[in-house]
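J.: If you're matching them up, the sequences are chains A, B and C in order.
If you're matching positions, the first sequence starts at 1 in my numbering and goes up one per residue.
If you're matching positions, the second sequence starts at 1 in my numbering and goes up one per residue.
If you're matching positions, the third sequence starts at 1 in my numbering and goes up one per residue.
Some hints could be false.
What the hints assert, rightly or not - Here are the computed lysine-lysine pairs in the DSBU-like style, where the Cα-Cα straight-line distance is at most 35 Å:
1. B:LYS331 to C:LYS48
2. B:LYS455 to C:LYS29
3. A:LYS185 to C:LYS61
4. A:LYS305 to C:LYS61
5. A:LYS457 to A:LYS413
6. C:LYS48 to B:LYS248
7. A:LYS128 to A:LYS298
8. A:LYS267 to A:LYS256
9. A:LYS143 to B:LYS248
10. A:LYS306 to C:LYS61
None of these hints come from the bench; they were simulated from the model.
A quick note: this is a predicted structure, and the numbers were derived from the prediction, not measured.
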Amino acid sequence: MSEKKFDYFIKGEKGKWEVIIGLEVHAQVLSESKLFSSSSTKFGAEPNTQVSLVDSAFPGMLPVINQFCVEQSVKTGLGLKAKINLDSVFDRKNYFYADLPQGYQISQYKNPIVGEGEVILDMPYGTKKIGIERLHLEQDAGKSIHDMDPENSYVDLNRSGVALMEIVSKPDLRSPEEVNSYVKKLRSIMRYIKTCDGNMQEGSLRADVNVSVRKVGDKNFGTRCEIKNVNSIKFMEMAINFEAKRQVELLESGKKIDQETRLYDTKKNTTRSMRSKEDAHDYRYFPDPDLLPLKLDKSLIDKLKKELPELPDQKKERFIKEHNLSPYEANILVSEKEISEYYEEVIKESDKKLATNWIIVELFAVLNKKNISISSSPISAKNLSSLIKMISSGKISGKIAKTVFEKMQNGDKDPNQIVEKEGLIQESDPKELEKIILNVLSKNQDKATQYKSGKVKLFGYFVGEIMKASKGKANPKLVNDILKIKLK
Amino acid sequence: MSNISEFSLKKIVNGIKRKDFSSEEVTKAFIEKSKNSKELNSYITECFDDALKSAKNFDKKKDNKGLLAGVPLAVKDLFCTKNVKTTAGSKILHNFVPTYESTVTNNLWAQGAFLLGKLNCDEFAMGSSNETSFFGKVSNPYGKELVPGGSSGGSASALAAGLTPATIGTDTGGSIRQPASFTGTVGLKPTYGRCSRWGIVAFASSLDQAGPMTKNVDDCALLLQAMSGYDPKDSTSIDIKVDNYTSKLTEKVKGLKIGIPKEYRVENMPKEIDEIWKKGIDYLKDAGAIIKNISLPHTMYALPAYYIVAPAEASSNLARYDGVKYGHRAKGKNLIEMYENTRSEGFGDEVKRRILIGTYVLSSGYYDAYYLKAQKVRQLIKNDFDKSFADVDAILTPSTPSAAFKMGAKTDDPVSMYLNDIFTVPVNLSGLPAISVPAGYDKNNLPLGLQLIGKAFDEQTILNLSLAIEKRANFKKNFNVWWS
Amino acid sequence: MSIDKDTVKHISKLARISLDEKKVADLSKDLSSIMRFIENLNKLNTDKVNPLTSIINASLKSRNDEVNSGKIRDQILKNSPEKNEEFFVVPKVIE
Numbered sequence: 001m002s003e004k005k006f007d008y009f010i011k012g013e014k015g016k017w018e019v020i021i022g023l024e025v026h027a028q029v030l031s032e033s034k035l036f037s038s039s040s041t042k043f044g045a046e047p048n049t050q051v052s053l054v055d056s057a058f059p060g061m062l063p064v065i066n067q068f069c070v071e072q073s074v075k076t077g078l079g080l081k082a083k084i085n086l087d088s089v090f091d092r093k094n095y096f097y098a099d100l101p102q103g104y105q106i107s108q109y110k111n112p113i114v115g116e117g118e119v120i121l122d123m124p125y126g127t128k129k130i131g132i133e134r135l136h137l138e139q140d141a142g143k144s145i146h147d148m149d150p151e152n153s154y155v156d157l158n159r160s161g162v163a164l165m166e167i168v169s170k171p172d173l174r175s176p177e178e179v180n181s182y183v184k185k186l187r188s189i190m191r192y193i194k195t196c197d198g199n200m201q202e203g204s205l206r207a208d209v210n211v212s213v214r215k216v217g218d219k220n221f222g223t224r225c226e227i228k229n230v231n232s233i234k235f236m237e238m239a240i241n242f243e244a245k246r247q248v249e250l251l252e253s254g255k256k257i258d259q260e261t262r263l264y265d266t267k268k269n270t271t272r273s274m275r276s277k278e279d280a281h282d283y284r285y286f287p288d289p290d291l292l293p294l295k296l297d298k299s300l301i302d303k304l305k306k307e308l309p310e311l312p313d314q315k316k317e318r319f320i321k322e323h324n325l326s327p328y329e330a331n332i333l334v335s336e337k338e339i340s341e342y343y344e345e346v347i348k349e350s351d352k353k354l355a356t357n358w359i360i361v362e363l364f365a366v367l368n369k370k371n372i373s374i375s376s377s378p379i380s381a382k383n384l385s386s387l388i389k390m391i392s393s394g395k396i397s398g399k400i401a402k403t404v405f406e407k408m409q410n411g412d413k414d415p416n417q418i419v420e421k422e423g424l425i426q427e428s429d430p431k432e433l434e435k436i437i438l439n440v441l442s443k444n445q446d447k448a449t450q451y452k453s454g455k456v457k458l459f460g461y462f463v464g465e466i467m468k469a470s471k472g473k474a475n476p477k478l479v480n481d482i483l484k485i486k487l488k
Numbered sequence: 001m002s003n004i005s006e007f008s009l010k011k012i013v014n015g016i017k018r019k020d021f022s023s024e025e026v027t028k029a030f031i032e033k034s035k036n037s038k039e040l041n042s043y044i045t046e047c048f049d050d051a052l053k054s055a056k057n058f059d060k061k062k063d064n065k066g067l068l069a070g071v072p073l074a075v076k077d078l079f080c081t082k083n084v085k086t087t088a089g090s091k092i093l094h095n096f097v098p099t100y101e102s103t104v105t106n107n108l109w110a111q112g113a114f115l116l117g118k119l120n121c122d123e124f125a126m127g128s129s130n131e132t133s134f135f136g137k138v139s140n141p142y143g144k145e146l147v148p149g150g151s152s153g154g155s156a157s158a159l160a161a162g163l164t165p166a167t168i169g170t171d172t173g174g175s176i177r178q179p180a181s182f183t184g185t186v187g188l189k190p191t192y193g194r195c196s197r198w199g200i201v202a203f204a205s206s207l208d209q210a211g212p213m214t215k216n217v218d219d220c221a222l223l224l225q226a227m228s229g230y231d232p233k234d235s236t237s238i239d240i241k242v243d244n245y246t247s248k249l250t251e252k253v254k255g256l257k258i259g260i261p262k263e264y265r266v267e268n269m270p271k272e273i274d275e276i277w278k279k280g281i282d283y284l285k286d287a288g289a290i291i292k293n294i295s296l297p298h299t300m301y302a303l304p305a306y307y308i309v310a311p312a313e314a315s316s317n318l319a320r321y322d323g324v325k326y327g328h329r330a331k332g333k334n335l336i337e338m339y340e341n342t343r344s345e346g347f348g349d350e351v352k353r354r355i356l357i358g359t360y361v362l363s364s365g366y367y368d369a370y371y372l373k374a375q376k377v378r379q380l381i382k383n384d385f386d387k388s389f390a391d392v393d394a395i396l397t398p399s400t401p402s403a404a405f406k407m408g409a410k411t412d413d414p415v416s417m418y419l420n421d422i423f424t425v426p427v428n429l430s431g432l433p434a435i436s437v438p439a440g441y442d443k444n445n446l447p448l449g450l451q452l453i454g455k456a457f458d459e460q461t462i463l464n465l466s467l468a469i470e471k472r473a474n475f476k477k478n479f480n481v482w483w484s
Numbered sequence: 001m002s003i004d005k006d007t008v009k010h011i012s013k014l015a016r017i018s019l020d021e022k023k024v025a026d027l028s029k030d031l032s033s034i035m036r037f038i039e040n041l042n043k044l045n046t047d048k049v050n051p052l053t054s055i056i057n058a059s060l061k062s063r064n065d066e067v068n069s070g071k072i073r074d075q076i077l078k079n080s081p082e083k084n085e086e087f088f089v090v091p092k093v094i095e
C-alpha cells in the first residue's frame, strides 16, 4: 500500500494553491508518407527534399488523404480507450506564417476523429485517471530557421504536411510529476501500438502546456496560460513550476492573469509572454471544401481493434496475476515496449522472479551507467536467459553469476562458454565439498574448537575460507549444510 | 484555306484526319488571326512559336488517334500549363511559371491537341466582365466598348473572333455561361466533380468547374468528352464513367419534360430577355418537348448565399499568395510587412473586396450568421432542384439578365456587377450541369443566350436540348470586325 | 450591417493586406454595400435546415501510404523570389 500522499501545492503568502494542468500533445504519426501528400516523412533529410508541389502549396494543388494515417489515429484512440467517431470533418485553420505555405493548416475543429478516453497513471500515492478530451488529425508545419542569417529566416518545408495526432487532455493533471508520468504513459502506449515513435529530441512528440492555479478548495478554474515550445519532459516540469509560482504571486498581489501564450526560456528558467493581446489569432475555422467528410466503417474499427497488441495496462495486470510480480516490478517491465519484449523473451526458458530481478537491478544498472536503452543492451535476452538457467539449475552460484554477467557484456558472450572456459562451474558434489571443508577445518582446528564451545560467529569465517579454497565455486547452500554437520 | 479560322472544331479535326489540310496550316491560320486581333486583348501569353513546332511535329508523326488530333487550342490563363507562364490575370502571379500541367489541359494534349496561348480573364476568376484583369480589359468582338463577360472573357472573345477553334474556361458563378451568352457562343459548366480541379488556380473550391467553350453544340460535346474524367489527385473528383457525348448527341428530344421556373422571371426583367425565353420554349415545343411550370422557391437567396460562400473559400484559397514561394514579392522590414505589402500590391480591387468579405464572414462571431447560414440556404436551393428534377428532365432559363454592357457601366457599385450572375449562380451552388446556347439578339443586335440546367451527370440531355434549340434558333454571328 | 473603418482595418490585418486611409474608406463603403445585399438571407428562416456538407454524395477517397513525390527541390525553389540553394528566404518575424 502506498503511504505517500499527493503534496504538490504552491504555498503562497495568503494560502495554499493547487495547480491545474492540461496538456495538448502533438504526436507525429509513424507513416511512410505525409497526411495529404505523398512525400516522405523521414527525419533528418536535406532541406526541402521531402517537399511536393502539394506541400509547398503551389496554385491548383489539392489534398488527398493517407488511409494509413487515419488508421493510425484510430488505433491510438483505441489505445486511449476512447470513442471513435465514425463521422468526422477536416477544417481549415487559417493564419499566416512562413512555415505554413497554404496560409492555413488542415486540422479538425468541431468533429474530431476520436472523442473522450482516458489514461491511467501509477503515482506513488496511488493510481490516477487522466481524462482525454479528444484526438484529432492535422498537418504539421514546416520549420523556420532564424539563426543562420541576421536579417532573414530560412524556411524548410520537409516537415510541412506530416500527419500529427493532437491529443488533448482534460485539465486533470495536478503536478509536474503527474505531467511527467502522463507524457511517458502516452508515449509508451503509442510506441506499443507503433503509431508514434515518441522521439522528443527529433520532435516527433511535442506538447503545449496549459497552466492555471486556484486556491485549494475552490471549485472554479482560474485563467490559464498556454506555454508553448517545451520540448522535453524535464523542461515541462520546470516550466510548470515557474509558471504556477508566477501566477500565484500575481493573484496574491491583487493582479489578474492575462490569458495568453507564453514561451519557456530554458536558460533563464522563466516563461515570458509570446505576443500582445492584439495579435490574437482568429482562425476562422470552416470545413475544408477540397475534402469530403470522413466516414469510417464500424468493420474497420473492429479490424483495427483486433490488430492492437497487448497494451501496457493489460500486460501489467497479466504480469501481476500470472507471473506473480509486484505492481512495482510489473510497472517497470511494461513501461517500455522494448523492456516488456526483452523480459518476455528471457522468461521463455527461465525463471520469472530471477529474470525480473536481473533485468530491473543488474541490467538496468549497466544501461543507466552507459546511458543507453534496452534496445542497445550489451547482453541479449537469449544470453541473459541462459545465465539465469544456470543459476536455477545450480550450475553456478548467484555470486559467480554476477562475475559472468560482467564478462558477458564484452560482445554479448554466451555465458555457458564463459563458465566452461574459466572453470566457473559451481562445485556441488558433496564428496568434493566435504574434502574442501575437512581441509579447511583441519587447518583451523583451534577456531573449530572455539566454535564448538560457543563462538558461533566463526561460522562465517569458515564459509569464507571454504569459498576462498574453492575459488568461489562452492555451492553455498551445500557448504552450509555440510559445514553444520561437520561442526557438530 | 483562308477561312480555316471560321471552321468549327469538329470540321478542323475531321479535315486534319482526311488530310484536307495539315495541322501546320490550321495553326498558321489561327496564329495569323490572333496576331491581327491584338486590340481585343484576348491573350495574356502567346505560344505561337511552340504551337507551330507542335503542329509541324504532328504532321510528321501523323498520330491521328486522339479526339483532338493536331488541333491548336488557347486556354483560359487559370489552367497551370507546364513551363508556360500562368498568371490567373493577376499581378501577384505575373511571372509564375508552373513546373506541372493541370489534369484537364493534360487530357486535351493526350487527345492530340497542343497549346496555342493563355487567354485573359478576370483576376483570379473574380468578375463578370473581364475588367479586373491586371493585363487589361478584354473587348467583345461585338463592340470595342462592350465587355465580353467574365470571368472567362478572354476565352469567349477569342472564340467568337475566331482566334482559337475552341477553348476551355472555368465557371464558379457563371464565368463560362455568361460570357458565352454575351459573345454568341456555347459554354457549358459540367456537374461538380465531372472535371478535375487539379492544377487549376483555385477560386472557390466547392463551386469551381472547368468546362468547354465552343462555336456550336457539336463541338461542345466533343471537347467535354476530351476534358472530363476522374482524377485521384482531386478528392472532389467523381469516379463516374464519361459518356460518349458525341456519339449520343441527338436533337431527338421528343417527350422530354422541360421545367420553366417562375422565380426566374425577375422584377424589371428586360422585355427582350422574356421574349427570347418564350422563343426557347417554342423551339423546344416544336422539337416535341413537354413544357411544365415549376417552382424553385429559394432562387432569390442564391446570389446572397453565393457572395458569402465564394468569397469565404477564396479568402482561404488566396492565402497562399504571400510572396514566399512564387509570384510577386514586395519589400518589407519584417515578415508581416512583407506579406501586407505583397498582397496589397499584388491583388486588384475586386480580389481585395472578396478576400475581405470572405475573411469577415468567417471571422469570430460571424461564422454561424453568415457562412453556416449560406450553407443551409445552399441545401435548400439544392432541394428545390432535386424536387423539380423528379418531374422534369431539364430546366430552361435565360442565361443573363441583359446582353453585353458597356465597359465601366457597372464598375461603380460591386453589387450591380454581381447581379449579372443571377441566373447562373444557383447552378453552381447545387453542383448541377448547365449550358448556355446562343438563341437570339437584343434590340441592339447583341447576342443573347438561353440556359439549360440538367440533372447531375446528365450533360447528355442538356447537350441534346441545346442542339434542338441551336438548329431552330439559327443564330448567326453578325458582328463587323472593328479591329485591324 | 455596415462595415466601419475600424472593422476594415481589423479584417485587413487578418488577411495580411495593407491599406491606406483612402482605400479603407472606399472599402468601408463597398463592403457595407455588399453586406447589405448579403443580409437578404436574414429574411429566410433556416433553423431546421442542415448545412450542405458536400455537393457530391460520395465518401472521401484515400490513398495508400506510399512515397511518390518529393526530391524535387529545384522545382520547389525555382519560382521563389528569394531563395538560396536549400531554403526559401524570408524577412525575419518579430516575436
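J.: Next step is simple, just say for each hint if it's right about the structure.
T.: Hints versus structure:
Pair hint LYS331 (chain B) plus LYS48 (chain C) does not hold up; C-alpha atoms about 50 Å apart against a cutoff of 35 Å. For the given pair, LYS455 (chain B) sits about 40 Å from LYS29 (chain C) by alpha-carbon distance, which is inconsistent with the 35 Å threshold. Of the pairs offered as hints, the one joining LYS185 (chain A) and LYS61 (chain C) holds, with about 34 Å between alpha carbons and a cut-off of 35 Å not exceeded. A distance of roughly 22 Å separates the Cα atoms of LYS305 (chain A) and LYS61 (chain C); the hinted pair therefore holds under the 35 Å criterion.
Taken as a hint, the LYS457 (chain A) and LYS413 (chain A) pair is broken in the structure, with Cα atoms around 40 Å apart against an allowance of 35 Å. A C-alpha spacing of about 42 Å is found between LYS48 (chain C) and LYS248 (chain B), which places the hinted pair above 35 Å, so the restraint is violated. For the hint linking LYS128 (chain A) to LYS298 (chain A), the alpha-carbon distance of about 31 Å falls within 35 Å, and the restraint holds. With a CA separation close to 27 Å, the supplied pair LYS267 (chain A) and LYS256 (chain A) stays within the 35 Å bound.
Among the hinted pairs, LYS143 (chain A) with LYS248 (chain B) is inconsistent with the structure: their alpha-carbon atoms are about 54 Å apart, more than 35 Å. The suggested pairing of LYS306 (chain A) with LYS61 (chain C) holds, with an alpha-carbon distance near 24 Å, which does not exceed 35 Å.
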